[in-house]
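Protein chains: 4
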Amino acid sequence: MPLKTPAQYKQSLKDGRTVYFRGARVDDVVAHPVLGIAVEHAAIDYALADDPRHRALAVVEENGREISRYYHLPRTSEDLLRRSELIATSTREGATLVVLIKEIGTDALFALHIVSEALAARGAAQYRDRVRAYYERCRDADLAVAVAQTDVKGDRSLGPSAQADPDAYVRIVERRADGIVVRGAKVHTSVVTNTHELIVLPTRAMRAEDGAYAVAFAVPVDTRGVTLIASPFGAFDKEPFEHPISARHKMMETLTVFDDVFVPWERVFLAGETEAAGPLALTFVKYHRFTAVSYKLPLLELLVGAGRAIAEMNGIEAAGHVREKLTRLASYHTAVGALIRQAALECTLAPPGLAVPSPLLTNVAKFQFASQYHQAVQMVQDLAGGLLVTAPAVEDLRSEVTGPLVAKYLGAKAGVQTEERLRLLNLISDLTASDFGGYQEVLAVHAEGSLEAEKLQTYREYDFRGPVAYARRLAGIG
Amino acid sequence: MPLKTPAQYKQSLKDGRTVYFRGARVDDVVAHPVLGIAVEHAAIDYALADDPRHRALAVVEENGREISRYYHLPRTSEDLLRRSELIATSTREGATLVVLIKEIGTDALFALHIVSEALAARGAAQYRDRVRAYYERCRDADLAVAVAQTDVKGDRSLGPSAQADPDAYVRIVERRADGIVVRGAKVHTSVVTNTHELIVLPTRAMRAEDGAYAVAFAVPVDTRGVTLIASPFGAFDKEPFEHPISARHKMMETLTVFDDVFVPWERVFLAGETEAAGPLALTFVKYHRFTAVSYKLPLLELLVGAGRAIAEMNGIEAAGHVREKLTRLASYHTAVGALIRQAALECTLAPPGLAVPSPLLTNVAKFQFASQYHQAVQMVQDLAGGLLVTAPAVEDLRSEVTGPLVAKYLGAKAGVQTEERLRLLNLISDLTASDFGGYQEVLAVHAEGSLEAEKLQTYREYDFRGPVAYARRLAGIG
Amino acid sequence: MPLKTPAQYKQSLKDGRTVYFRGARVDDVVAHPVLGIAVEHAAIDYALADDPRHRALAVVEENGREISRYYHLPRTSEDLLRRSELIATSTREGATLVVLIKEIGTDALFALHIVSEALAARGAAQYRDRVRAYYERCRDADLAVAVAQTDVKGDRSLGPSAQADPDAYVRIVERRADGIVVRGAKVHTSVVTNTHELIVLPTRAMRAEDGAYAVAFAVPVDTRGVTLIASPFGAFDKEPFEHPISARHKMMETLTVFDDVFVPWERVFLAGETEAAGPLALTFVKYHRFTAVSYKLPLLELLVGAGRAIAEMNGIEAAGHVREKLTRLASYHTAVGALIRQAALECTLAPPGLAVPSPLLTNVAKFQFASQYHQAVQMVQDLAGGLLVTAPAVEDLRSEVTGPLVAKYLGAKAGVQTEERLRLLNLISDLTASDFGGYQEVLAVHAEGSLEAEKLQTYREYDFRGPVAYARRLAGIG
Amino acid sequence: MPLKTPAQYKQSLKDGRTVYFRGARVDDVVAHPVLGIAVEHAAIDYALADDPRHRALAVVEENGREISRYYHLPRTSEDLLRRSELIATSTREGATLVVLIKEIGTDALFALHIVSEALAARGAAQYRDRVRAYYERCRDADLAVAVAQTDVKGDRSLGPSAQADPDAYVRIVERRADGIVVRGAKVHTSVVTNTHELIVLPTRAMRAEDGAYAVAFAVPVDTRGVTLIASPFGAFDKEPFEHPISARHKMMETLTVFDDVFVPWERVFLAGETEAAGPLALTFVKYHRFTAVSYKLPLLELLVGAGRAIAEMNGIEAAGHVREKLTRLASYHTAVGALIRQAALECTLAPPGLAVPSPLLTNVAKFQFASQYHQAVQMVQDLAGGLLVTAPAVEDLRSEVTGPLVAKYLGAKAGVQTEERLRLLNLISDLTASDFGGYQEVLAVHAEGSLEAEKLQTYREYDFRGPVAYARRLAGIG
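Protein sequence lines, in the order shown, are assigned to chains X, F, D and P. All residue numbers for the first sequence refer to our numbering, where the first residue is 4 and numbers rise by one. All residue numbers for the second sequence refer to our numbering, where the first residue is 4 and numbers rise by one. All residue numbers for the third sequence refer to our numbering, where the first residue is 4 and numbers rise by one. All residue numbers for the fourth sequence refer to our numbering, where the first residue is 4 and numbers rise by one.
Keep in mind that a hint or two might mislead.
Partial chain P-side listing against chain D, Cβ under 10 Å, derived [said to hold, decoys possible]:
hint, residue
1, Tyr74
2, Leu76
3, Phe239
4, Pro243
5, Val445
No lab work stands behind these hints: they were computed from the structure. Note that the Cβ used here is the ideal one computed from N, Cα and C, for glycine as well.
Build the full structure now, drawing on both the sequences and the hints.
Structure (structure tokens):
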């Protein structure tokens, strides 16, 4: 089966899936005024493979067939570096918004390969075989795949089986000869309104008593009982002049409900093995944070570039404090990029031979990104000036009455065209001071794991033994 | 003349003023779907004086007549503290958005009192007399007054008279027997679409060659030649459930153009005295930053309160990192509040007897507020979680189909009503992750002076002599 | 009894107290080459009262008698402000090192007044009477008083009565008709090698089972069984040219051992009332952190002054980054000072009528001081340059051979005398890059409560209810 | 010539060099009580090559001969990585204090290779030939080499030839047929009291008028006219129990005076080519900051290890804030290490084929190290507790009288030996709260370039063009 074109991708989404937006059932996600923007955005991943400039990066040949590089199982640092580059490239084309319809799904598939291999080593080979078959199916059909991981969790101080409502975590409510029936809901499911498949993973380690919650599986999005309630966040009719990014690029987020959904055994990847739930959640996260840092790089590049460009237009680029801010932004971008490359270079191999980027470096990179993001936004807003939130409308610029006034008065230094300056200011406003800016801020601290999760993982991955031994030796208490 | 009621205030704005919004002339600012929200918000200042709970704070008796406390010339620390409290109170009623229609105008009037007094001491008494008469008129008619200070500035590396376009700063283009004619434009003019009066101040110190730019005056907003081009930022039809603040509260910002506007001498407060331009700009800022910190306090209070409330609903308030964040937010709120009270307590008196809050402490307070704001937003977003940008719509909650699913799955810990949780999340989303959130971020770093301006003023106001002498004495080089 | 003179003070210390320094018993703390420096330093508190320039601040008249202001029970904000000023003044005279021989003792006495009053209200009046009598004795004899609070604690995860060694916290080992016998040890006891009295307080709240540990009392320092093991930290023969502060100023710290020490009842202030241990520890801390911030102000003043002075000598004061650093140092000094004054102004009254500085503001001030101290040191070191640690010796400057070379080459800009520059550099080196500098750093994060303790207290003192109510109201869930 | 042994190295330093310490001429640097410690420390570089455990790292075979790896010209990333590892290893052996006697000299030699090659390309081949010959001589004789770069600078706002004293920068005072005569002085010259050779480099770019100052050369340390005035900083008789690092490890810093020193042409590497002064200064710095970050890694490792070890001994390692601090320390160590490895991996080749580590990444790494160092010290001091500055002396521990008390009371949790805890505390005290701690702090912000220099270089090396183009493209103003 050849790679899908963008047009084929879009056509394939018209499948009767159950999606709600603002209380109303969505008939056609492609034609919908809001969800359709997300479909167009997602099509970037398919378009890249179609684009001669990007084909060498986006497509690899395996066993004589072309497949999307996303589906290429990483076996070397170089594989990870190229994957990272592809993720960054598609995000760049997506105007700093990750495309994600293949990125996240393959992160999950890599994790499933590793964890099912470990289960096979302990005697449960069925999961490995199913994972392989499912992976090949997705790869060969060039499918778009979402991942649902975060449970609604109920009371966060209690474990799954201790909740007042047993459905606060997705669980197996029935085991049948032909498969399982699952119930529950996941939040923050990105892009699922426009993928073909949905992989469901546990959100955390499970204890012995949580057997029903140690479950992983995949379903087609149009499966009966799967209901997607899409968030209206940031969804209003946007003027592209004023919202150059978010008027054209969007990612849908849903509350994903599993109302007694039947999953045949061939699509079940974990069903009760509580000891594997934690490793599966964690291995997914190891890949996904590496993916995440990769797709944050264009965002940081844009912060630097927009900050520098507007400083120049405003005529302040020589000021000491401006250089200070640009230097800090540039260092931020540089460090996060270098750390994630180093994470690929310091990867380890996990059976069945997959390269896993260094979790320590990945988490350090992710934390550097996440913890400094708001401060970086502050610096860019500082460089841009108050017009970010006080500039006139495009209609004012175009009007015969007000247009000349706007043109005369908002040009800044000689040689700068007012329209260009307003466009640049609107880009920064859309990027940092709009709902899209808020979305980026919230994603920075929550998506792919919170700040606390990154710190916890860093603490666990760092090997304190060498440093402690060194300290003891120097203290003379070796 | 008695104090205006909110109804009288609104009625009085229907005066034919020249306002454009998205390229179209606005006939009636009160009835306009966007500008009307700003009018309602502004009416809070009048409503407060009408409200028995707030009357003692909002109204003072002077010479047997009741006047708005805003117009009360501060002569003691207590006056400044009460003024600060009034500003904070009206902003609290305004859901963290400053009302500003009397706050900023009186800041300007206080500065004009002081600077015109100094000019009188140097022989130019006419300005003082005009300022007093104008002040009394505004006070007695209980007027709403905007201030336009920031020029469009053209090339920031050049002074006013060195610009390619001589109109890059507002200037006197003609001196007539009966007054002056001014041309130019000011940016970031807040609330002027719904005030009666507009005071224009120089934006910076002027050199000898910049005489035409050393100009201050006041005009009624409906004056011929004054054109207000309103910003469409954040102006779309908002669902109050999802935008509990910004669907109801708004401040308009305009590009304010002076197209050969005639100003009679009685309304001219500076016309060529270049040496007074800097002091006037600076004295206004001394009052206005004090005002600014006062009206930021409810914003900080809300960050603390919302952070704590959502942590409780999410059931995470006992976690160490949550307490750490709440402690930092509480410290931030506490320190900024204490510093601004201390600024009032350490005020100085300037002829003709006005109390000026300590500029050093005011700038230190303002910088503490502004430099940490984005980090505080990060902490609140961190406490709230990703639902800030992925939650369903109000229609999903109300729908018979999706409503039960939303209610079941988004309730968090026992005892929390899903709707209450969503309302609180929406409050935080509106406050921190929407265009309104972006507006607050940009205001933090730009309004009432940038971070750099605050640092510069701190450097100038701090008296290094004592510390240097102490260092030299301890070094033995006294 | 009149106030003691410095000479009387020194003479009175020759009392046979049991002090060890580097394993050897110290016969005479005044004559000892190390401990004697601390005695000279401590004498500043007595000298101030003797000095006409400071007498009005240092001495107050009460009931027709002159007493040291330290002993003046604070009843108003003004009392607290003056006390704060006195503490800052004596520390200034002490070259940024607190004198402490009356400061800390009176903090403890104020706390004892309040807590014993509360005990009296619950029926145990004996403690109040003893406290008053003891206070009057110290005040009338103008005594120097140390406080021992921090127990050695053993395993910090266990409470006092759960320790393997029951002596890990000071405890009552015997109750007799005439008094109690105590055993245990306290660490970090400052200045006790040169005070007359030692007050012992519990270090934390106690549970019901910890009755033997809920003990407070006072003993003369020469009491049998009290052994002081003095720390040798920073004690070597210092060249005053190179260590202009620490060659002349010193505070001793001891491990204070109570080896079955008998304390007569009249000196026992708590003996088993576990519920009062926490309040006593905390009330002491409320006063003592206020004292602490007061005596940190000269340190911050010196950082600013030294930073500015050396920047000028180095000829870099006009550079943007230098102004940035000086501004940050100045803001730091200003904010901490203003917050502690505000803490005095917002005091509350506790029975029997003592003014307690706002614990919220005190902790916020203390945390601002402590958390930024190392960064401030970094800035001053940055301004000063590498000569802090590479400059020649005073003997090189004085030598006929090397002196001219040093003078020629280390003069920096014209008009600066090399010797003056070296003296200033040595001051900064002593202040920030020596054992004394390390001492100041460690005190910043540990003395008078750790960073964590300050955060905890801030969290407890901040009233979240108002902010939460405000958030709920704006969210529409009032 | 074979590699030198430590004994041979020490013997070879007895050459009559002119060194002053505290105003007195030093006869024998090896036997001197202070300078001798530095000699012992420096011998580590020779000992490593002698040590079977380290020989593979420390020695390389080139053309059939063994040479010190320091002298191996780096041609690949791997060469740079191994060099970095060697530098880290010797510093580890040096207890976090860099050895430097070959590190810095080879940094200079690499830079001289590159800059003299560029000069040769422009027709001046003599320098290249001299550099090569000199390099081979040092390599073959396995010499220790210091570098003097920082001029005393006089008034920093003026260039070399504009100074009141023309000797404020080292300059050529006479050109002779057989060589040049130089005069001036350099500050902060590390290790030169115990190296064989001294290389002198310009400290900055020079203008056309500064020809006499564009000078680079090498001299044997015992050359007539070269006077070394050693700093007494931190030099006192230290108890090894209390100063486990600094009692045994030391680096000397000198003011290095050139009093009309004759340098034969074969040792002159730049003499008037002003355009090459800047590149030479900068190329040296490119290598030297890479070296610097390499030798800071053991310091960061020790901060982590000591912090963790003392937290465990204190029994607080499970507390949330302790884990937070340890995580931040671990991230700091990890990030700096990863960035410097990445700098090696992203090296570029400069004629004549030398690998230059990425200056952008090197500066980002160096700035991350330097800007966070004081904060890291704060965290370690926080974890360790106040005993850092209040603990008893070793004599108290050994004494029959006080020893049992110290042992009983300072043991912390069960299983911890008091002596071990005191040793660990003393290690941390020596590392962070002593003159050695101050030395490390000052080096962090000044050695190998200041914070400002690192930021400036980051700004220059970062390529803003791509980001700006990206921003313009997204803004639609491509």
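Verification of the supplied hints:
| no. | hint | in the structure |
| --- | --- | --- |
| 1 | Tyr74 | violated, 27 Å |
| 2 | Leu76 | violated, 30 Å |
| 3 | Phe239 | holds, 5 Å |
| 4 | Pro243 | violated, 13 Å |
| 5 | Val445 | holds, 5 Å |
The structure fails to meet hints 1, 2, 4 from the earlier list, while all remaining hints are met.
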